[in-house]
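Student: Chain by chain, the residues:
There are 2 protein chains.
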Amino acid sequence: MLAIRTTMKQSQPRFFVSLKVSYSTFKPAAPLSIKDINPQTVQAKYAVRGKIPIIADELRDLIKKNPQSHGLPFSKIINANIGNPQQLDQRPLTWYRQVLSILQYPALAEAVDYPQDVKDRAAVILENIGSIGAYSHSQGAPYIRESIAKFIEKRDGGYAANPNNIFLTSGASSAVSYLLQILSSDENSGFLIPIPQYPLYTATIALNNAIPIGYFLDEANHWSTNPEQIRQIILENKQKGVNIKALVVINPGNPTGSILSEQDIIELIDIAAEHGIVLIADEVYQENVFKGKFLSMKKVLYELLEQEPEVYKNVQLASLHSTSKGVSGECGQRGGYMELVGFSTEVKDIVFKLASINLCSVVSGQALMELMINPPQEGDPSYELYNAETSSIHNDLEIRADMLYRAFLQMEDIQCNKPTGAMYIFPTLDFSPEKYHKLFMRAEQSDLQPDDIYCIELLESTGICCVPGNGFGQVPGTFHLRTTFLPPGQEWIDRWLTFHETFVKKYTS
Amino acid sequence: MLAIRTTMKQSQPRFFVSLKVSYSTFKPAAPLSIKDINPQTVQAKYAVRGKIPIIADELRDLIKKNPQSHGLPFSKIINANIGNPQQLDQRPLTWYRQVLSILQYPALAEAVDYPQDVKDRAAVILENIGSIGAYSHSQGAPYIRESIAKFIEKRDGGYAANPNNIFLTSGASSAVSYLLQILSSDENSGFLIPIPQYPLYTATIALNNAIPIGYFLDEANHWSTNPEQIRQIILENKQKGVNIKALVVINPGNPTGSILSEQDIIELIDIAAEHGIVLIADEVYQENVFKGKFLSMKKVLYELLEQEPEVYKNVQLASLHSTSKGVSGECGQRGGYMELVGFSTEVKDIVFKLASINLCSVVSGQALMELMINPPQEGDPSYELYNAETSSIHNDLEIRADMLYRAFLQMEDIQCNKPTGAMYIFPTLDFSPEKYHKLFMRAEQSDLQPDDIYCIELLESTGICCVPGNGFGQVPGTFHLRTTFLPPGQEWIDRWLTFHETFVKKYTS
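Protein sequences, first through last, are from chains A and B. Residue 242 in the UniProt record's numbering sits at position 242 of the first sequence, and the numbers go up by one each step. Residue 311 in the UniProt record's numbering sits at position 311 of the second sequence, and the numbers go up by one each step.
It is possible that some hints are incorrect.
Unchecked claim - Under the rule of at most 30 Å between Cα atoms (straight-line distance), these lysine-lysine pairs were calculated in the BS3-like manner:
1) Lys353(B) <-> Lys45(A)
2) Lys150(B) <-> Lys76(A)
3) Lys64(B) <-> Lys353(A)
4) Lys154(B) <-> Lys27(B)
5) Lys418(B) <-> Lys435(B)
6) Lys27(A) <-> Lys299(B)
7) Lys35(A) <-> Lys119(B)
8) Lys348(A) <-> Lys65(B)
9) Lys418(B) <-> Lys348(A)
10) Lys348(A) <-> Lys76(B)
11) Lys64(A) <-> Lys150(B)
12) Lys238(B) <-> Lys64(A)
13) Lys154(A) <-> Lys119(A)
14) Lys313(B) <-> Lys35(A)
15) Lys353(A) <-> Lys35(B)
16) Lys64(B) <-> Lys154(A)
17) Lys119(A) <-> Lys64(B)
18) Lys353(B) <-> Lys65(A)
19) Lys27(B) <-> Lys313(A)
20) Lys353(B) <-> Lys76(A)
21) Lys119(A) <-> Lys119(B)
22) Lys348(B) <-> Lys35(A)
23) Lys27(B) <-> Lys238(A)
24) Lys238(B) <-> Lys65(A)
25) Lys313(B) <-> Lys27(A)
26) Lys65(A) <-> Lys348(B)
27) Lys27(B) <-> Lys240(A)
28) Lys348(B) <-> Lys45(B)
29) Lys150(B) <-> Lys150(A)
30) Lys353(A) <-> Lys299(A)
31) Lys35(B) <-> Lys348(A)
Stated by the list, open to error - Under 8 Å between C-beta atoms, here's a sample of chain B residues computed to sit facing chain A:
32) Asp36
33) Thr41
34) Ala111
35) Val112
36) Asp113
37) Pro115
38) Gln116
39) Lys119
40) Val363
Please keep in mind that the hints were generated in silico from the structure rather than gathered at the bench. Just so you know, even glycine gets a beta-carbon here, dropped at the ideal spot from N, CA and C.
Work out the full structure, taking the sequences as your base and the hints as a guide.
Tutor: Structure, rendered in structure tokens:
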């Protein structure tokens, strides 16, 4: 046996604890306080599951423990703070779940009366990726990446996608985490993010000790982008020594629910090409479009590349997709992917290493991605049901968006764009300090924003949980809230209408 | 409609790209090189999926593309580089997969002939957590955390566990990531890690720009810990200004396959108590024990607390578990948890926030954790099969460990401790520079270590992929390799024996 070459001598044997002998002679050290830990982790904020959702959880517990005597004016919490369709009434698609059940228990294929295409697809996936209980390739199973490449190619009118540029991720969140971590080269690294934004971005920027640089979406023009403003912001920040690494684009918009035009996208690509800024295209709501048409940034980039390859050849684009949104709403299954275009091999190798350190994304989520982008086709046994279920979900979402939108139009001092995509409405609380003097006084006294107070009182009066606009960013002096339009029915909306009337009276009289 | 209060003017409309009008007037910027990205992400190393496994992937692709004409002296790759049982021949447990199939497709319960306890358990889980397609509570579904708390209490002889201290994670890897990120308060933060260690730790320490401080496990004493050495290292590092934040303990050991004694554990807890150092107990192999007995650090800590509460009351312990190892081997399902003991509420709130930013761990993996820690009991319809399957896997692992161990004993200049736990053997390549002069010359010329050369030639001659000891850390001047003992049969071992003989001849003659 080889002796370890260390000069340390072995410690003397000591009594086992079971002998109950006291032997400690030191003074114990104090436990960690918040001052001892990573300040970036302290600073990061994530409003979607922040202060108000935490109060909602406490109220839910109270109701659960005292169903008859909780003393609240409502009997359940409505989580409109997060796009989580299956927590509400959305049922999973039969096609997904039947195939996934076979992947979990392959012997089932022989034991149950599923449509033949369900069994066939499960067999093909199992043959190509093996057990979903094994780690896959760090980047995701090659078979599924090939399938995603074909989906992208078809979606983008034939422009090729390379499976080696595709990384399966845990939802889109872990893709954002990889990208921002890699791009944060030092504390001068800046990230352009839309205001309002999805707070995952500001949180992850804070965790990486980088600089968030907001560009305002134009609420008066359906939350479109303003390229001149972005160029000016880049100039100002470059002068201040900020090294702008990436431009985040959320399309369809979260929290705005709006869809970018082709012209908007071209302008953003131009900015990226000119300044060598990576484009991060968060396109997880690409299936949630009610009006207008979703155009992927990749497709527009490839059109530009075809016309002027010398101008656009260096553009670096990361586009993100997920199984959590769309008509799937399979949030808990944590499926997602990102496609990297234009990145050097050496940089992609670093992304690969980060993915390897995490071993792999959940393999059932990878399989779900394959089922989402490669659904049954007309003539397949599962097609009719699949089509009926997805159409019904899509229609339901559109109807619910419209119902809530109409309610906001009725509310005094609420302004609202008609939602055209995603799962959210981001109405303005048009509360002027003059008319809502009492509200602003209360805000000042309580160290809260007027939109915080609105959301807290809404929750405490109705059980409806949504998120104040300040969690997403808003033009200074304006106030908003973000709500999903996922909850079913008119009843919750009626409660909201009543609450709003009372709120306006309370703070204006 | 409220106008956004920004002074920026709107950009002028411009031509759509479909009009094929050239309008770009700027010089395109260069793409990112490795110099532009986060240096920590460049520096991090992860050998388990590093250089040699990447060569193995290339060889596998070569075989797949040219099954008849690949020109290699073997026809398949044996991945002994990673504990991934289901990639080899291990079959998933029927109990897990039947319940999970119902969770994926609840209507199945009525349509298939599963044992009643499978249906009952699925019903209870669905009733308590709802659809596995919904995001759960950020920390994990409360029902499953309560179940884990009961498991810990039972395992640890009655010492209580609090569900609010339990976080469901994506395998144990994401727990390590949260902990090291939070504890890395600045660039003087140090982490004590065993040498050899599982390279997730050095990789994550590098990503957080913290300092890895190795303490040597004593190979001559079954890889036990040496508390005096650790105390001396702490002293030396404190004098250098290093702020030591945590002590990582991997028990049962990876890559060593050894189990810590109660005495070892007590000494480590003493060190933590005296110096206010967080204990990170990586106990993912707690079910993989062939000889001796696994004692959780939590149990030993609670025994000490009972005797001397004043001494141990501030000890902070994070213990990690996973569904990937044990007899489950469900690596791809990404289930795991960590229990935090002794942490202040303010610090736990930060962990909660990080978990919230990631939304939640995969919900099917959470359910799998519940199935693992709460299996069928004697008398339940699924018990007999469950018991037969788990016993068979456990016995197989023990037999395979023994077969491989005996092979190493036969090999010239290989030294090896008998494995008592986990899934790995970490034998010494006892190659002296004198006897293996040619090997050391070759190493010097090629910028490789002798253990790199051994592993590369093993792979290229036999298709067996394992990891050189330098990826885990080893006492300077010693050389090792880590291999799992998971692959079945004697044939691969015989190939290894033949290779070894040739290798020794080649480099000593």
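Student: Indicate, hint by hint, whether the structure satisfies it.
Tutor: Here is what the structure says about each hint:
1. Lys353(B) <-> Lys45(A): holds (8 Å)
2. Lys150(B) <-> Lys76(A): holds (29 Å)
3. Lys64(B) <-> Lys353(A): The given pair, whose Cα atoms are some 24 Å apart, holds under the 30 Å limit.
4. Lys154(B) <-> Lys27(B): Roughly 68 Å separates the two Cα atoms, so the pair is violated.
5. Lys418(B) <-> Lys435(B): It holds: about 26 Å lies between the C-alpha atoms, which stays within 30 Å.
6. Lys27(A) <-> Lys299(B): Holds, because 22 Å separates the two Cα atoms, which is no more than 30 Å.
7. Lys35(A) <-> Lys119(B): Roughly 49 Å between the alpha carbons, so the hint for lysine 35(A) and lysine 119(B) is violated.
8. Lys348(A) <-> Lys65(B): holds (24 Å)
9. Lys418(B) <-> Lys348(A): violated (41 Å)
10. Lys348(A) <-> Lys76(B): Within the cut-off at roughly 28 Å; holds.
11. Lys64(A) <-> Lys150(B): holds (21 Å)
12. Lys238(B) <-> Lys64(A): Distance of about 50 Å is beyond 30 Å: violated.
13. Lys154(A) <-> Lys119(A): This hinted pair holds, its Cα atoms lying about 25 Å apart.
14. Lys313(B) <-> Lys35(A): holds (20 Å)
15. Lys353(A) <-> Lys35(B): holds (16 Å)
16. Lys64(B) <-> Lys154(A): Distance ~27 Å between lysine 64(B) and lysine 154(A) Cα, so the pair holds.
17. Lys119(A) <-> Lys64(B): With Cα atoms ~25 Å apart, lysine 119(A) and lysine 64(B) stay inside 30 Å; holds.
18. Lys353(B) <-> Lys65(A): Within the cut-off at roughly 25 Å; holds.
19. Lys27(B) <-> Lys313(A): Holds, at roughly 11 Å.
20. Lys353(B) <-> Lys76(A): holds (25 Å)
21. Lys119(A) <-> Lys119(B): holds (22 Å)
22. Lys348(B) <-> Lys35(A): holds (13 Å)
23. Lys27(B) <-> Lys238(A): Distance ~17 Å between lysine 27(B) and lysine 238(A) Cα, so the pair holds.
24. Lys238(B) <-> Lys65(A): violated (50 Å)
25. Lys313(B) <-> Lys27(A): holds (11 Å)
26. Lys65(A) <-> Lys348(B): OK: lysine 65(A) and lysine 348(B) at ~24 Å, within 30 Å.
27. Lys27(B) <-> Lys240(A): Since the Cα atoms of lysine 27(B) and lysine 240(A) sit roughly 22 Å apart, the hinted pair holds (cutoff 30 Å).
28. Lys348(B) <-> Lys45(B): holds (29 Å)
29. Lys150(B) <-> Lys150(A): violated (47 Å)
30. Lys353(A) <-> Lys299(A): OK: lysine 353(A) and lysine 299(A) at ~28 Å, within 30 Å.
31. Lys35(B) <-> Lys348(A): holds (13 Å)
32. Asp36: Constraint on aspartate 36(B) satisfied, holds at 6 Å.
33. Thr41: This hint holds: threonine 41(B) lies near chain A, its Cβ roughly 5 Å from the closest one there, short of 8 Å.
34. Ala111: Holds: closest Cβ of chain A sits about 6 Å from alanine 111(B), inside 8 Å.
35. Val112: holds (5 Å)
36. Asp113: holds (7 Å)
37. Pro115: violated (13 Å)
38. Gln116: violated (16 Å)
39. Lys119: violated (13 Å)
40. Val363: holds (4 Å)
In terms of the numbered hints stated before, the structure departs from hints 4, 7, 9, 12, 24, 29, 37, 38, 39, listed from lowest to highest.
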